[in-house]
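Participant: Starting from the given sequences, assemble the full structure and let the hints guide the process.
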Amino acid sequence: MRRAFNQLGAWLYRALPGLGQRWAKRFEVQTVEAQIPWTALHGTLAQQRISLITTGGVHLRSDPAFDMHDPHGDPSFRLIPANAKPSDLMITHDYYDHRDADRDVNIVLPISHFQQLAVQGTIQHLGPCYSFMGHITDEHIDTLIKQTAPTVARNLRAAGITAAVLTPA
Amino acid sequence: MGLIARVLEAAGISTVSFFLLAEIAQQLGVPRGLSVKFPFGHVLGEPHNVVQQQLLIKHGLDLLLQASQAGTFVQLPYRWKREDWAGLAQAQQADLAQSDAQ
Numbered sequence: 212m213r214r215a216f217n218q219l220g221a222w223l224y225r226a227l228p229g230l231g232q233r234w235a236k237r238f239e240v241q242t243v244e245a246q247i248p249w250t251a252l253h254g255t256l257a258q259q260r261i262s263l264i265t266t267g268g269v270h271l272r273s274d275p276a277f278d279m280h281d282p283h284g285d286p287s288f289r290l291i292p293a294n295a296k297p298s299d300l301m302i303t304h305d306y307y308d309h310r311d312a313d314r315d316v317n318i319v320l321p322i323s324h325f326q327q328l329a330v331q332g333t334i335q336h337l338g339p340c341y342s343f344m345g346h347i348t349d350e351h352i353d354t355l356i357k358q359t360a361p362t363v364a365r366n367l368r369a370a371g372i373t374a375a376v377l378t379p380a
Numbered sequence: 006m007g008l009i010a011r012v013l014e015a016a017g018i019s020t021v022s023f024f025l026l027a028e029i030a031q032q033l034g035v036p037r038g039l040s041v042k043f044p045f046g047h048v049l050g051e052p053h054n055v056v057q058q059q060l061l062i063k064h065g066l067d068l069l070l071q072a073s074q075a076g077t078f079v080q081l082p083y084r085w086k087r088e089d090w091a092g093l094a095q096a097q098q099a100d101l102a103q104s105d106a107q
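Chains as they are written, first to last, in our numbering: chain A, 212 to 380; chain B, 6 to 107.
Incorrect hints may appear among the rest.
What the hints assert, rightly or not - These stretches of chain B come out as covered by chain A in the derived footprint (C-beta under 8 Å, 3 or more residues):
#1 9-15
#2 38-50
#3 57-63
Claimed, not checked - Straight line, CA to CA, 30 Å or less: simulated BS3-like cross-link-like pairs of lysine-lysine:
#4 Lys86/B - Lys63/B
#5 Lys42/B - Lys86/B
#6 Lys86/B - Lys296/A
#7 Lys63/B - Lys42/B
#8 Lys296/A - Lys63/B
#9 Lys42/B - Lys296/A
No lab work stands behind these hints: they were computed from the structure. Given the structure is predicted, the values throughout are model-derived calculations rather than measurements. Ideal Cβ positions, reconstructed from N, Cα and C, are used throughout, including at glycine.
Facilitator: Rendered as structure tokens:
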């Protein structure tokens, strides 16, 4: 029942984009207690080893889906190999209308474009990509900041990734 | 998602983040961000609109290369389903050629 309600909400936000802007005004934003972190980019675009990160709930069809029953969301992540084809991927996320993204995953995870940029040599390399599920609240925010996001950061560093492009649902 | 960008950036990875809600991103504070006023689930535009998606990605990569300080944020002016994407892509190419020539 909760899932059906969430899916109805997602459809409404899709149909009435103004609702999303109003929702944003009421949104309680995680306060920033420290300054914004910064890592300068070194070299040209053609020297960058790039990974993509999405919060669109994308995952390999062969991987477990994100947990849609926890009202606070699912702070875990799924690895998406750099050579994944759109047909290898699916989306589990009840909090936005992903029918268009089901048809073309590139509107939430531009993997085909970056595979092409790597082949063309516009970027040096496309590395491992990761998906989270957005809509994480309460205690799961802590899990995200202290556990799962740092794990992804370590994995990217281990893969020699220099830059990441992030896209939301 | 801005939270993830901050964690990655703090770990030594340069990030550029797309947003649909500029207010949230700017309040949170992200290293490099850009926003479009598109519906949820459509941050890079419409399905199979390759020209549109490429143009938005190009904006993101330009920001990645050009931003010189934390908190650099660009609000893209594009309107949902009311732009001539092929024309915009041509203009973007022309700008690029001009800046290369300089």
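Participant: Now, for every hint given, state plainly whether the structure supports it.
Facilitator: Structure-based check of each hint:
1. 9-15: It holds: at least three residues are needed, and the segment 9-15 of chain B offers 7 whose Cβ sits within less than 8 Å of chain A.
2. 38-50: With 9 residues closer than 8 Å to chain A, the segment 38-50 of chain B meets the three-residue bar; holds.
3. 57-63: holds (count 3)
4. Lys86/B - Lys63/B: Measuring from Cα to Cα gives roughly 19 Å; hence the hint holds.
5. Lys42/B - Lys86/B: With Cα atoms ~11 Å apart, Lys42/B and Lys86/B stay inside 30 Å; holds.
6. Lys86/B - Lys296/A: holds (27 Å)
7. Lys63/B - Lys42/B: Satisfied, since the Cα-Cα distance of roughly 17 Å is no more than 30 Å.
8. Lys296/A - Lys63/B: Roughly 22 Å separates the two Cα atoms, so the pair holds.
9. Lys42/B - Lys296/A: Holds, at about 28 Å.
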